[in-house]
Structure formats: structure tokens, C-alpha cells
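Chains as they are written, first to last, in our numbering: chain A, 1 to 161; chain B, 1 to 176; chain C, 1 to 510.
Misleading hints may appear alongside valid ones.
Below, a list of computed lysine-lysine pairs in the DSBU-like style, where the Cα atoms sit at most 35 Å apart [to be verified]:
no.	chain 1	residue 1	chain 2	residue 2
1	A	Lys42	C	Lys221
2	C	Lys106	C	Lys163
3	A	Lys143	C	Lys106
4	B	Lys70	C	Lys241
5	B	Lys70	C	Lys221
6	B	Lys42	C	Lys106
7	C	Lys163	B	Lys70
8	A	Lys151	C	Lys18
9	B	Lys42	C	Lys71
10	A	Lys143	C	Lys504
11	C	Lys137	B	Lys107
Think of the hints as simulated: they come from the structure by calculation, not from any bench.
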Amino acid sequence: MPERPGEVKMKKIYIQEEYCIGCRLCEIYCQVKHSKSKKIIKAYREELIDVLPRVLVEEIGYNSFAIQCRHCADAPCVAACISGAMQKNKNTGVVTCDEDKCVGCWSCIMVCPYGVIRRDLSGKKIASKCDLCVDEEIPVCVKNCPNEALKFIEKDENEKN
Amino acid sequence: MHNGEISSYGTNKRFVSGFGYECTLSTDTEVIAYLFDLIARKQKIDIRMIHLILASPLWQEIERMPRDNKELVKALRILYGSALINGPFSIIVGNTGFMYALNDRIKLRPLVAARKNDYLFVSSEEASIRKVCPSPDILWHPDGGEPVIGIVNKKVAGKKGDGTRSVKLDDQPVKV
Amino acid sequence: MALKLNQSEFIIERDENKCISCQVCVRQCSNDVHEYDSEGDMIYSDSLKCVGCHRCESLCPTGALKIKERKSQFRTNYNWSASHLRDIYRQADSGGVLLTGMGCDKPYTVYWDRILFNASQVTNPSIDPLREPMEIKTFIGRKPDRLEFKSSRSSKNTGVRLKTKMSPQLELSTPIMFSAMSYGSISLNACRSLAAAASQFGTYYNTGEGGMHKDLYEYAKNTIIQVASGRFGVDADYLNKGSAVEIKIGQGAKPGIGGHLPGEKVTKDISNTRMIPEGTDALSPAPHHDIYSIEDLAQLINALKEATDWSKPVGVKVSAVHNIAPIASGIVRAGADFIAIDGLRGGTGAAPQIIRDNVGIPIELAVASVDERLREEGIRHKASIIAGGSIRSSSDAIKAIALGADAVYIATAALIAMGCHLCQKCYTGKCNWGIATQDPYLTKRLNPEIGTRRLLNLLRSWSLEIKEMLGGAGINAIESLKGNREHLRGIGLNDRELEVLGIKHAGEAW
Numbered sequence: 001m002p003e004r005p006g007e008v009k010m011k012k013i014y015i016q017e018e019y020c021i022g023c024r025l026c027e028i029y030c031q032v033k034h035s036k037s038k039k040i041i042k043a044y045r046e047e048l049i050d051v052l053p054r055v056l057v058e059e060i061g062y063n064s065f066a067i068q069c070r071h072c073a074d075a076p077c078v079a080a081c082i083s084g085a086m087q088k089n090k091n092t093g094v095v096t097c098d099e100d101k102c103v104g105c106w107s108c109i110m111v112c113p114y115g116v117i118r119r120d121l122s123g124k125k126i127a128s129k130c131d132l133c134v135d136e137e138i139p140v141c142v143k144n145c146p147n148e149a150l151k152f153i154e155k156d157e158n159e160k161n
Numbered sequence: 001m002h003n004g005e006i007s008s009y010g011t012n013k014r015f016v017s018g019f020g021y022e023c024t025l026s027t028d029t030e031v032i033a034y035l036f037d038l039i040a041r042k043q044k045i046d047i048r049m050i051h052l053i054l055a056s057p058l059w060q061e062i063e064r065m066p067r068d069n070k071e072l073v074k075a076l077r078i079l080y081g082s083a084l085i086n087g088p089f090s091i092i093v094g095n096t097g098f099m100y101a102l103n104d105r106i107k108l109r110p111l112v113a114a115r116k117n118d119y120l121f122v123s124s125e126e127a128s129i130r131k132v133c134p135s136p137d138i139l140w141h142p143d144g145g146e147p148v149i150g151i152v153n154k155k156v157a158g159k160k161g162d163g164t165r166s167v168k169l170d171d172q173p174v175k176v
Numbered sequence: 001m002a003l004k005l006n007q008s009e010f011i012i013e014r015d016e017n018k019c020i021s022c023q024v025c026v027r028q029c030s031n032d033v034h035e036y037d038s039e040g041d042m043i044y045s046d047s048l049k050c051v052g053c054h055r056c057e058s059l060c061p062t063g064a065l066k067i068k069e070r071k072s073q074f075r076t077n078y079n080w081s082a083s084h085l086r087d088i089y090r091q092a093d094s095g096g097v098l099l100t101g102m103g104c105d106k107p108y109t110v111y112w113d114r115i116l117f118n119a120s121q122v123t124n125p126s127i128d129p130l131r132e133p134m135e136i137k138t139f140i141g142r143k144p145d146r147l148e149f150k151s152s153r154s155s156k157n158t159g160v161r162l163k164t165k166m167s168p169q170l171e172l173s174t175p176i177m178f179s180a181m182s183y184g185s186i187s188l189n190a191c192r193s194l195a196a197a198a199s200q201f202g203t204y205y206n207t208g209e210g211g212m213h214k215d216l217y218e219y220a221k222n223t224i225i226q227v228a229s230g231r232f233g234v235d236a237d238y239l240n241k242g243s244a245v246e247i248k249i250g251q252g253a254k255p256g257i258g259g260h261l262p263g264e265k266v267t268k269d270i271s272n273t274r275m276i277p278e279g280t281d282a283l284s285p286a287p288h289h290d291i292y293s294i295e296d297l298a299q300l301i302n303a304l305k306e307a308t309d310w311s312k313p314v315g316v317k318v319s320a321v322h323n324i325a326p327i328a329s330g331i332v333r334a335g336a337d338f339i340a341i342d343g344l345r346g347g348t349g350a351a352p353q354i355i356r357d358n359v360g361i362p363i364e365l366a367v368a369s370v371d372e373r374l375r376e377e378g379i380r381h382k383a384s385i386i387a388g389g390s391i392r393s394s395s396d397a398i399k400a401i402a403l404g405a406d407a408v409y410i411a412t413a414a415l416i417a418m419g420c421h422l423c424q425k426c427y428t429g430k431c432n433w434g435i436a437t438q439d440p441y442l443t444k445r446l447n448p449e450i451g452t453r454r455l456l457n458l459l460r461s462w463s464l465e466i467k468e469m470l471g472g473a474g475i476n477a478i479e480s481l482k483g484n485r486e487h488l489r490g491i492g493l494n495d496r497e498l499e500v501l502g503i504k505h506a507g508e509a510w
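In isolation and in its complexed conformation, chain A is listed as follows (with noise of 0.2 Å):
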């Protein structure tokens, strides 16, 4: 199957519908991960938390599931991005938005077929949105999730299901 430009051959995060258990315990330890602190506790306590989490549970009746940024192949908030802050890693493949490009425009935001962009407006206003935890060796929602409803795995995306 030939790839579609800009796909890069990597590691995503998917949800297991059936297993997720609606704690959210992914976007507290998202929260952490991203806080000054890095420390549970203290992060909660003292820094307020002000920090989002970038993983969102959805919940209808007793279902519910986590979804986060899906990385696209050809992402539309790349293309929508005034200040050239959001950026497609050729090698990596993860999308992410640089901090300091950001200007707070929201293109980003209306364009995501997914709604998993969120206004930060803690600070300085920008996009907050999942980085995969490049410097993880597994993203923390995946390796804290305690039913293993969450899988970092590499997946034909083209296949039908």
C-alpha cells in the first residue's frame, strides 16, 4: 500500500472502548506530566493545576473513552496554523505546537476534525494539545491506565476495520 505524503510510519495511542472505565486518571497523570513540578501532589496542591490535561474522556451513559491528538497523516491544524507554531515532524511523525510561535488564534482549534485542541489561557494564550511524551518511552496515559484500555501501538490506519 503506497503511503499518503506526510505519513510517517509510527506509533499512535488508541483506545479500547470497551475497557475504558471512565476514572480519568489519564488526564490527571497528563496534567502531571505537563506540570512545572512534575510531582503529583505538589502540582495539585501548589501549582493549582492550571495546567489541562491534552487527553479528554468522553462519557455517554456507561460508555466512555479517551481521545487525544491523532497526529494526522495530512493534519489540517498544520495547514491552518497562521504563525507556523504547529508543525509535522518528518521523522517522528508527532505533531506539535511550539510554545512561543503560538499566538492564541483558535484556527487550529476550528479546523480539528477531532476537537482535541484546547485553549490554554493560564498563561499566555495558546493551543494545548497531546505531544505523545517524546521524551517518554511510553506516553503516561497509556502507562498508567489501569485497565489497559489505552494501547501506544503502529497500526495500518487504511485498513478498514
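Got chain A; can you put chains B and C on it based on the hints?
Just chains B and C, lined up with the frame of chain A:
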């Protein structure tokens, strides 16, 4: 005669007592005699197959056997599991018609056999055989679980040499 | 009545320095114990509702929670214990039969803890399981009285073949099987985990009286089908799917009475599997309505063997009661290929507390007396004995085998491996661990991938420990341990107990 201590004594004792044998001596050797008598005489299992019960081959060996042998040995082991003798042993069992020697299946005790003409010698040590018979025709060390059988007025079943082989259920033909 | 006579059984200690009000505890508790107050950014906990399942404690990311049992809040009274008082308050409130879950928790003697195992020293070498083969393969089924052979030209090298047709046997890679836990009492995810683990390890699990769900057909080869008094899900198809059939006469937790699955737990899926209308209580009658004597049992065993073409072992499960020895003898003579005995401490999803705690006898004594009786009558070889009813560790298993069992059944241990904390509230259907519930919000919590992995680990640990203990006693094949009471000694037991168990006291030699 028995060299060793059997860890399956309790199980073997229970097994034979179900058939009416009562162990009255406080030695574990007693139960071996009863097992032999029960299996060979009462249950009429051929003497050449007794080692498959008392010192059964390992399951992994049984898996590798040809189908008919596998079925046979498996059935023997399933039915006579409580007759399996565990623990180190070399035993020599005999009466006026035969002599039978066997080692435990992982060979924790020694056993040596030898032949000269019409005589069959079995002992724990080579030295004691040589004392009685300084130059036997053949001398061998049976494997764990491999019996040495001598039947009076019949050819000896042993390991090497003059066309006689021990009863080993693998895919080599036996000539007895 | 507004006046609450019952006080909370548990104290929830929340370390305010560690609590970050993340609300994981609030979300995870199915009993609504924790509540978040947004005004004060605090969490309040109502300990009266707490059942002591430890779900919140386990999931709390900062370890801020500690669940403690709230001991005697009454004046110390050796006669009237706190549980007696609580039970009467509840009965006076409700007028009904008090229900409970899991096994008897009363302080009767646990004989496993008064029996010691042997080891070889000097006179007989121990065997190192890391270096020498250690065989724990076990066969369950009827054994013939003797074997007959016929000569065979075609058979390579022996000249002999087996003439006797062996009865069908179950081949186990380890002497441990998963006992009956019905789909209904436990969730489908729990059943999946048990089936997958049994299948991968080379042992068996039991459907219980819930029938076999179609999702589990792939594990049919490792399934023992249970035919209980309610005959739920039983038809010719069902019988022929599994590898063995077990007629359930009784279970250790509730000898003499039948099973009960409350209507709330009978969902559409359960209704299909058990073949009963949705929402109705699934009541299994106490006796099988076609078994009123031992001859009837023999008839049923025969009928099941006919229905399965004589190709599968057919056995019987009974509770350990006072006359278990002659009962077992009758069952073996009626044609059963195996007899599963479930002791006093056996677990359950729902049972009247009064029966669970007062009826039956411990499995240790039952196995010893049944093995002895069958042996005396010369019929021990005819059927395999499976011991269950609180086998808590590999040492309990090995002692059971030394007392005479062929294999052991575990159930509570398996559930604990999957997360159960023995809160004994299975009958409410609100199991926070996703095990004893049909609520889809809760059943998600048991990921079969994790469940299977943990059960495989449990089987593996126990099998390795059994091998270590066997090796230490100088045994390299488990069949040499069966009924080998010489390797057991009692400690702190009186003469009568030693006599029933058929073992000597520690310090006595042979």
C-alpha cells in the same frame, strides 16, 4: 534386595493394601516385594513390562513413542500411577524361576549387570561382580528404568552383545 | 424506620495532605460512598455505605485512602459478638433471610494450617526441579480394574498392544482446575478470563449452572459442563460441546439448597444463555427433581453418558457433609467417573448466611475420609477425587493430594487473582471489580487481557511451587504423592482429628 529409600512409600503402601497386602515390617523394601507380586502374579502383567509401571518413562518420552506403544504405556501409567516407585532405588527381585533387577528412572543408585556363559550377575558395583567372575563375557550399566531380566532355562534379556537386547520401548526392534 | 441501629463496618481514612480531589474515588465507587463538594473542593465519604472492597484505595493516585475494618463498637462480649448483633438488627429491619457472598468466614479450625509437609534429608535425596524433570501431569476419569493385552505382529518391538479400552480421561498439565462459577453470578469478562487461562495452561474450567455462552465456544475443549438442578442451558448440543460433564448435587457454601440468581442480574444475554425469560429470578431447586435416590443418580449418569456417546467423563459434585464417605461410595458405584467434593469454606455468589456458616464439614476431613472409605471398599481406583472449598495456596493443594485427592478445584483464589477483595457483597451485583456483576458500567472494569494474564500467572506460580515442594520431598511424579499420608504430619491436632485425617503428629517417625 533394595538399595535406597522410596519417597512414594505411603502411596505404594495404600495401593497394595487395597488388594489385601498389609505392610507389617517397618521397612519400605517390604512394599516393593508386594508391588511385584501384585503386578506380576495377580494382575498377570508380563515381566518384561513391569518396569513401565515401577519406573515409568517420562511423559515427554511417552509422547515421542509410536502410537501403539504410546497408548499402551500411557494406559499402564494412568492405571498403575500409585505403583510408581519414586525415590532412589536399585532393586533385585528373584525367585526360583527368575531374577529381575531395576534402577529408578533418574538413576540415583548404581546397578551393574554382567554375563558369562549361562550365568547372569547383577550388583550395585562392578567390583563385587569381578570378585566372583573376574572376566565376564559382557558387562553393562543399565539405564535408569531399564530392567535386567534373567529367566531360568530361557535366554537372558539384557543390554548389549550377542543378539539379546533389553526391553526398551523405542523404535528399535527387540530380539529376545 | 429513621433510627439506624447498624453502624458502619468500615472506616475510611483520607489523608487530607495527600488528597488532590481528583474524584477518581467518587467515580469508581458503585456504592456512592464518596461525594465531591465543589464549593469547598473537598470529598466527603459516607462510611456507612462502604463494603470494604478497596476499589477506591487501589485506584487513588496518591495513596490518600485507607480502608480499615471498624472493630467491635460494642462492649466486649465473648458470647454476643458484634456480628450477632448486626445480624439481628438487619433481620428486625427486613424480616428476610440474610444473604451473603463468598465462603464461610467463621473461626472454625482450618486444618490446612495444622498440617505440615515433609522434606527429604540425608537418607533420600531431594530432587532439584530446575535440573530434573518434575512431572505434575494428572488424569481425571475412571480407571479400569485391570488391563488386558493382546499380541500384535504390527506393533513395533513390543509384540504387545493394549486390548482394554480405557474410559475417557481429562488430561491436565497441572493438578489444579477452575471450579464452577456460573455466567450470571460472575461477568462474561470474568468467564472469558477463566476459559482463556485454562485453555492456554492446559487445564479446565467449569461453566457452573449458567450454561455456555457462545463467546466461549472456542474454549470448549477445556470446559467442564455442569448440569445442575435447574438444568439451565442444558440440551444435547450443550452436553456435547465440553470435555466432561459434571452433575451438581450440591456445593460447599450451601449444602442442601439450590442456587439463586436474582432477577436484576438476569439480563438479555443471561436469558439467552440460560434459556429463561429475562428479568425472572433463576432459582435452582434443592434436589434435582428427577434424582430422589442413588438409583436415580445412576440412571442420570447413564443417560448423560449415552447422550455424549460414552466419549466424555461424567462426574458428580457434592458438598462435604457428615456422611460424605458412604455418599461418595454410592456415587462411585452409581457410575461416576469423578467426584468433586466441595468443603464448608467453599465460595458462592449468593447464599443464606446462616447456611453458609453452619452447614457442612471442612474439605480436609472430607477428602481424608472419602479416600479411606473408597480404598477400604476396593473402589478407590474407579473414580477420581477432586477437592475444593477453599484451596488458598499451592501448599493447600499439595496437602489435599497427599490426603488422597487427584486434583483440586479453585474458585475464590482465581477471583482474588482477578481483583476480588472478599467484601462478600456479590449478591448485590455491584461488584466494583467487574467480577460478580452484570452491570455494563462495572463489567468493563475487568479487562480479559489482564484477567487471563493474572490467572495464567497464578497457575504458573502454584505449579512451580508444587514442583519445588515435590522435589524437596524426593518425589518427581505427582502420582507418587497421591494418598501418601506419610508425607504429612499434624500439629496441634487431637487424637481424633489425627485419626480422621489418617496422619501422624509432628515429631512421630515411621
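Query raised in the report: Which numbered hints are broken by the structure, listed smallest first?
Result: 1, 2, 3, 6, 9, 10
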